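Given next are the chains, with one letter for each unit.
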Amino acid sequence: MVTQPSFEKSSDKPFNWFLFAAPSRFYFLVKKLIPVCWTLAIILGITGLVLGLLFAPTDAVQGDSYRIIFIHVPSAWMSMVLYVAMAFWGAIGLIFNARLAYRLSNSIAITGAIMTFIALWTGALWGKPTWGTWWVWDARLTSELILLFLYIGYLSLYNAIDDQRKALKASSLLAIIGVVNVPIIYFSVKWWNTLHQGASITLTKTSMDSKMLLAMLIMTFAFWAYAFAVVLTRVNLKTLEEESHTDWVQNELKQLGTPS
Amino acid sequence: MIWGSFADFINMNGYGPYVWGSFGVTFALFVMEFIILRREKTNVMLFEDKS
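Protein chains in written order, with this note's numbering: chain A, 1 to 260; chain B, 1001 to 1051.
If you are wondering where the hints come from, they were derived from the structure by calculation, not from laboratory data. Source: prediction; values computed, not measured. Wrong hints could be hidden among the right ones.
Below, a sample of chain B positions facing chain A; criterion: calculated Cβ distance under 8 Å [stated by the list, open to error]:
#1 Ile1002
#2 Trp1003
#3 Phe1006
#4 Thr1026
#5 Leu1029
#6 Glu1040
#7 Val1044
#8 Phe1047
#9 Glu1048
#10 Asp1049
Even for Gly, the Cβ is constructed at its ideal location relative to N, Cα and C.
Based on the provided sequences and hints, a complete structural model is requested.
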């Protein structure tokens, strides 16, 4: 008889990728991450704002209106990244029928919509002094507006269907179809002759002052940290709500209800 | 620091309304989202069995 190789010792086990797919494990991991994300968001946010508003030089062409870039670009990036993440987790949810993936996808939508609105709002306030108009129907602006409608459509569709399983399936499918819009937004300034300027930074070259660039990158990380903090908070709230029949959630609710 | 005075900083060389309109609304939305999440947390607490 050949003895079976032992997988009992934890050090011999390959990493189990589904370990955190259990709602309770995922919940407690995320619960630890949330304060870290908030701390990073606040520290990076303050650093980025101080650098961007107090130390970065005035732009030679656009004057101080350019400072809107420190929130416009991070929010526009986040609006696209969050959409792809929402569609990705929606697809994982559809393929594996995974509740947690759906929950993650669903939690991203509101934050994504807010980021898209901020990108459009700050864009309008930047457009007025630099282009002389709040809005123009050029490819970049129009495709970003469509992104906002996709987020709103996702949320409306989800809320319109009573059966939660069906609601998640339908809205995830909408999210996946809408992904085609993301490369359109990104490449719109190359594909069409737009009023919106092209990318100021690419992987190989940058046309920005180093302080401006640093402030913008720090603000981008601050937005990332903020998005993680709110999305993870929402995921955990949904977990508590939807798994409230389980003992571990009831214990956790008692813990949360006890003032420490 | 590139600003001579606090008034200069607020004025942003004439672009104050655009710059502060952008930063203000962004900040307000983030705070709003945070408050809504706090309220949702209070609602979730109601799922506790009080038996």
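Hint by hint, here is what the structure shows:
1. Nearest Cβ of chain A to the Cβ of Ile1002 of chain B: about 6 Å, under the 8 Å cut. The hint holds.
2. The interface hint given for Trp1003 of chain B holds, since its Cβ lies 7 Å from the closest Cβ of chain A, which is under the 8 Å cut-off.
3. Hint status for Phe1006 of chain B: violated, given a least beta-carbon distance of 11 Å to chain A, over 8 Å.
4. The interface hint given for Thr1026 of chain B holds, since its Cβ lies 5 Å from the closest Cβ of chain A, which is under the 8 Å cut-off.
5. Interface restraint check: Leu1029 of chain B against chain A, minimum CB-CB distance 5 Å, threshold 8 Å, status holds.
6. Taking 8 Å as the C-beta cut-off, the interface hint given for Glu1040 of chain B holds, the closest approach to chain A being about 5 Å.
7. Taken as an interface hint, Val1044 of chain B checks out: its beta carbon lies about 5 Å from the nearest beta carbon of chain A, inside 8 Å.
8. The restraint placing Phe1047 of chain B at the interface with chain A holds, with a minimum CB-CB distance near 4 Å, inside the 8 Å limit.
9. For Glu1048 of chain B, the suggested interface contact is upheld, since its CB lies about 4 Å from the closest CB of chain A, less than 8 Å.
10. Using the Cβ-Cβ criterion of 8 Å, the hint placing Asp1049 of chain B at the interface with chain A is satisfied: the shortest such distance is roughly 6 Å.
Consistency with the previously given hints fails for number 3 only.
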